[in-house]
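Please build the complex by placing chain W on the supplied structure of chain Y, with the hints as guidance.
Number of protein chains: 2
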Amino acid sequence: MKSKAQFYHAGCPVCISAEKSVAQSLDPARFDVEIVHLGEQGQRVGEAEQRGVQSVPALVLDGQVFHINHGADLAALK
Amino acid sequence: MKSKAQFYHAGCPVCISAEKSVAQSLDPARFDVEIVHLGEQGQRVGEAEQRGVQSVPALVLDGQVFHINHGADLAALK
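Protein sequences, first through last, are from chains Y and W.
Positions 1014 to 1091 (this note's numbering) are the ones given, in order, by the first sequence.
Positions 1014 to 1091 (this note's numbering) are the ones given, in order, by the second sequence.
Hints are computed from structural coordinates only; laboratory data are not their basis.
Remember, predicted model here, so these are calculated numbers, not experimental data.
Treat the hints with caution; some may be incorrect.
One copy or two, either will do: identical chains are not told apart, so a pair holds if it fits within one copy or between any two.
[As the list claims (entries may be wrong)] With a straight-line cut-off of 25 Å between C-alpha atoms, the simulated BS3-like cross-links for lysine-lysine are:
1) K1015 <-> K1033
2) K1033 <-> K1017
3) K1091 <-> K1015
Just chain Y, same shape as in the assembly:
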């Protein structure tokens, strides 16, 4: 069964680079990766926060949050 993974970002250059490289490099046999642009989907900032996301870009795999480099603090997106 595939796991769902979320990649939260905000369109910043650091985010786009991480999306193209990391998020799109996950094993497609094991993960369905949902890309969430918090700049455009502000209503999902709360969801990201609840899951432990503190900054973007961030990848959530099996409930674990991995902050990748640093584009923007979540607070800046509210």
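Positioned in the frame of chain Y, the structure of chain W alone reads:
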């Protein structure tokens, strides 16, 4: 052709978690992931540094460095 990817870490809990989740989730059809433990292979700290790694855990994909969460600064491993 497969790309070579390196995952640099230092054995810290944050590193191990990122290794198990992120590094081992990369598409095996596209990447050969080399795991480098800089705590045990101190002679490779210079190589990591030259590639732009500033802290561990870090993933290098196609020459791009992605720092994941934060376990330790590279300077602490010298």
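Q: Go through the numbered hints given earlier and state which of them the structure violates, listing their numbers in rising order.
A: Of the numbered hints given earlier, the structure breaks just one, which is hint 3.
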